[in-house]
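**Student:** Each number in the numbering used here comes from the position in the sequence shown (counting from 1) with 8 added on.
Since the hints were made in silico from the structure, they are not lab data.
Some clues are possibly wrong.
Unchecked claim - Okay, derived cross-link-like pairs now, DMTMM-like style, lysine to aspartate or glutamate, Cα gap no bigger than 25 Å in a straight line:
hint, residue 1, residue 2
1, LYS67, GLU183
2, LYS167, ASP149
3, LYS123, ASP154
The structure displayed is predicted, hence computed values, not measured ones.
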Amino acid sequence: MKHIRTVATLLLLTGLFIAYHYGIPKYIAHLVIGLSMLTFEILDAKTFQSRISNGYVFKLKSNVWTESVIITAVLLYFFSFEPMNTWNIVGISAIILSGISKCFRGTSAYYRANKEGVWNLHTNQKFIPSENITALRITNDELAIDTIKYKNELLIKSKKLVQPEWEKLTLQFIELEKTWVNKR
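The task is simple: from the sequences and hints, build the whole structure.
**Tutor:** Below is the structure:
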């Protein structure tokens, strides 16, 4: 999915460059940008929902939503310089909807822990492979995973945990630690 997004973004930017070069009105370009962003967000949200519905997932509080607010605000600022017409308003509305959707998804960070390691479900990539895990430390309010490269590569604090309950999460990680240690 990451490569598809990159290729789509490059195609969009190339198309906009060609549009500006050949004199296509900016409001049409703004409409295309807005609708493209909304389409990418809808596709990303659908695949994200399918990723978090399968298997053991834990959810932490996150501040990733601020990135969406900044990107949306910057785009709206530049688009506001153009005269407002139907095309520009539809493009701006699509950008606002896309930004709101990204903000809602960005308030929490979703991870999946299994015998293969810890997966970041926002990018759908292996965040910590099981063969790199060297230690798991659990205290009353923290769970830390140490790896070959870093100490505390993933640090989960009980006050940042949204779901599941702290006891259930620690029991799951204790079970996984047995699998991870036996794998090495």
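**Student:** State for each hint whether it applies.
**Tutor:** Taking the hints in turn, this is what the structure says about them:
1. LYS67 with GLU183: Judged against 25 Å, a Cα distance of about 19 Å means the pair holds.
2. LYS167 with ASP149: With Cα atoms ~8 Å apart, LYS167 and ASP149 stay inside 25 Å; holds.
3. LYS123 with ASP154: holds (16 Å)
Going down the numbered hints, you'll see the structure goes against none, and every one checks out.
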